[in-house]
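Keeping the supplied structure of chain C fixed, place chain H upon it in accordance with the hints.
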Amino acid sequence: MAVGVTRNGQTTGPETSCMNPLERYAPLVDDRDAFFAACERPLPSVVRVNPIKAPRSRVCDAFDEEGVGYEPVTWNDSLLRLDERGPGTTWPYYHGWIHGQEEVSAFPATVLDPQPGERVWDACAAPGSKTTQLSALMDDTGIVVGNDNNLGRLSALRHNAERLGVTNLVVTHQDGRSFSLKPFDFDEFDRALVDAPCSCEGTCRKNPTALEGWTLNHVHGVAGVQKGILSRAIQATKPGGTVVYSTCTFAPEENEAVIDHVLENEDCKVVPFETPLETAPGVTEWEDETFDPAVTDTHRVYPHFNDTGGFYCAKLEVTA
Amino acid sequence: MTDERRVPEDESLEDNIGQQFDRLPATPDDRTVSGRASRKEIVDWWVEQYDVNPKIFDPFTFWEKGAGKIWIFGDDTSSPIEVEGLGMTVMRTRQRHWKPTMSAVQRFAQHANKNVIELSGEEAVRFAQGENIQYEAWDGDWGYLIVAHELAGSLAPIGVGLYLYGELRSTVPKGRRESLDTLE
Chain C
32 MAVGVTRNGQ TTGPETSCMN PLERYAPLVD DRDAFFAACE RPLPSVVRVN
82 PIKAPRSRVC DAFDEEGVGY EPVTWNDSLL RLDERGPGTT WPYYHGWIHG
132 QEEVSAFPAT VLDPQPGERV WDACAAPGSK TTQLSALMDD TGIVVGNDNN
182 LGRLSALRHN AERLGVTNLV VTHQDGRSFS LKPFDFDEFD RALVDAPCSC
232 EGTCRKNPTA LEGWTLNHVH GVAGVQKGIL SRAIQATKPG GTVVYSTCTF
282 APEENEAVID HVLENEDCKV VPFETPLETA PGVTEWEDET FDPAVTDTHR
332 VYPHFNDTGG FYCAKLEVTA
Chain H
2 MTDERRVPED ESLEDNIGQQ FDRLPATPDD RTVSGRASRK EIVDWWVEQY
52 DVNPKIFDPF TFWEKGAGKI WIFGDDTSSP IEVEGLGMTV MRTRQRHWKP
102 TMSAVQRFAQ HANKNVIELS GEEAVRFAQG ENIQYEAWDG DWGYLIVAHE
152 LAGSLAPIGV GLYLYGELRS TVPKGRRESL DTLE
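Keeping their order, the protein sequence lines are chains C and H.
Counting from 32, one number per residue, gives the positions in the first sequence under our numbering.
Counting from 2, one number per residue, gives the positions in the second sequence under our numbering.
Just chain C, same shape as in the assembly:
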């Protein structure tokens, strides 16, 4: 029988001894009470300004005209936190001047820092919040290859890219683990983003059912996929190029263990980076495993740190 977990961490159904999956991460966090309290609160409504279609100042003017309240997000100028409603029923949204995007989800594209004119691979692109952010950071020049293995989700990516007026996106439908550059007239990327499919525990504030159906088997299964996609991204990126790996889960099996795997098996190294977000370093020990000490230069984001969802982000440099 399925056992559900409600957003306040209580299990439902007869198997009341089933633990809230978030309990397993309590030993990793600094402030257990703050962690669980944050996981129960709904997320603020945040939008990203899409400079491909309108500058931030015009978006703010339009919100003022429409009576939509907002406040800036201190660590990222392109984000605005809305006072009340969701962004979908505003004129700036209709015009594609903004995109509803969870605050912490705007983190990995800024770490990847793609430059205008470059060739960038987004290995798990759909539904495209981060993909279109990459395009915006590149002034909609160069090429963003947005790949996903799920055709239904690809249509959401296409829809978002059209609404946001993105023209530098090439959409592909491949398994990221065996991605082929054969369609293209180039054979390596300057940068790659692997925002991997994951157990999504960190999205429990946005999606209260995120923890339903959580199993350790799924964590282990999806970790294999993550290792495969990240390995391919490293192989497909030029020496000296940057690969960013991110998830919205707390599970070390899907985070530090994946980085540890590619450090062992692929030509890459971890690159330390600063971020204005409050983060915790990656963990080097989890249950009976130990990880390469370099993972302490990767970043964990817990919901109570910045009032966001949970997140993990690592920056790698390709070495050969």
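Among the hints, a few may not be true.
Stretch-level coverage of chain H by chain C, calculated; a stretch enters the list once three of its residues show a Cβ under 8 angstroms from a Cβ in chain C [unchecked claim]:
id: 1; region: 68–78
id: 2; region: 87–98
id: 3; region: 174–183
Rather than coming from a laboratory, the hints here were simulated on the basis of the structure.
Note that the Cβ used here is the ideal one computed from N, Cα and C, for glycine as well.
Chain H only, in chain C's frame:
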């Protein structure tokens, strides 16, 4: 807007292959696929219909996938290419009246000087949710117009309307219709 130009089918040329993206030929003289619009014809059409500066299209390449659907890509790549998407859809050709997409109008029509119809706050709300609007006062061309409203200091193109017999028909696709607030 009574333009009925079409690129005629030509049996001496190759057939269009709908499953792949092909870069448009530069000019009609470079045409190798029957019925395919050239880049020059596309850009000229935007200039003639909407009086946009043709230089806005200089950084882009144009591609056809499917029967007459034209895509605009911010870079260039080898042609043909078999992928799911290449840039953004910009217009529909291979039909009697070529039609720009809502996405293209929102992105490229803010500096259009011709065949732009400006709606009031209340009309803009109705248009955005897909309603047709009685509009007798229009004395410009008939056909596909750029529909805009005033927002945050200047005109902002909302989408494409089909003007016929005193009525402006909203062509906003179902998936993009929205119930919005009236701006004063």
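Hints, one by one, checked against the model:
1. 68–78: holds (count 5)
2. 87–98: holds (count 4)
3. 174–183: holds (count 6)
Checked against the numbered hints above, the structure violates none of them.
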